[in-house]
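Trainee: Sequence:
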Amino acid sequence: MVVPCKICGQISKSSDKQVRGGEILQLYSCQDCNFEFFSHNPEEKLFNDQLDHSRLEGAGLVIPEIQEDYNNGLEQSYNYTKEFLDESDIGKNILEIGCSWGYFLDLVRNYGCKPYGVEINKKRKNYVETNLNINCELNIEKYEETKKRYKKIFLFYVLEYIYEPTKYVDRVLKLLEPSGELIVITPNLNDVLKDIFKNKAFQNFFYDKFTINYFSKKSLEVFLERLDEKYTSYDIRTDQGYSFANHISWHIHKKPMETKIVGGDRYITNINETLLKTKSELGEKLVKIFEKMNLDYSKAISDHDFGNRIVLKIVK
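At position 207 of the sequence shown the residue is numbered 196 (the numbering used here), and the sequence of numbers has no breaks.
In case anyone wonders, no lab produced these hints; they're calculated from the structure. Misleading hints may appear alongside valid ones.
[Unchecked claim] Using 16 Å as the maximum straight-line C-alpha spacing, the simulated EDC-like pairs for lysine to aspartate or glutamate come out as follows:
1) K198 <-> E32
2) K112 <-> D58
3) K137 <-> E166
Model the full structure from these sequences, guided by the hints.
Mentor: Structure below.
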């Protein structure tokens, strides 16, 4: 079947691809803009709380209980608030699309902002409204119906699930106030473990049947050219969230190990914390070695645009 690329419209090449859990699907690849995608729409399954069954259980991992999942997300969200929020955001409307259990929005409120959420998973959407008392909708339609605009809108690991990503981002940009920012984090198609190390186990793990869009830095640049909504500037970079210890683990175990963090891990941090508890000169030296090694490793990967996640910022 001939399927045009979702981004540039050129003819894409199809191939059989094994996804997590062993299922074989038709994957479409565009050589012109370096973009890969599945053609089906996962919206109904996402609405009915099926994502973790594929994303985690399909990879042999355990689905955490709500409180554990919330705490893990909260820990990761502290870094997001440090990186993406500043004093100019205090008192402003902040919207997170794909807010899960609402951990980031809870920190946004504590920061002094006015939080709003969108969550397609009805179970999580109800949790955000009932347990956190934060307004949360199943989609952006009700926000589009109001005149309320937002200083910043966040999509953390969401764009890869959107059936028509270009049209959707056009809609989202309309919700920004003048000079507002859209911040997107999405997995990088050009992953060092998949494409440079060519780890077979990771290649089988990388694709998931609900993750239908696989962007590269190049495809996102083409994506921005195809938007109808105007913007003033943008910045795209890749970031290596997984440590060298995680990659060594893949080569040894040939399967994913639980990290409790989306797109990253705490392996080196945990090792260094253990070493520091020894209160020894050798322990301190080893900590410095591991920290420098991980920084150098991550920088080399990111400098070549193979970081496992892409960070996109669009200023309206």
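Trainee: What hint numbers does the structure not satisfy?
Mentor: Of the numbered hints, all hold.
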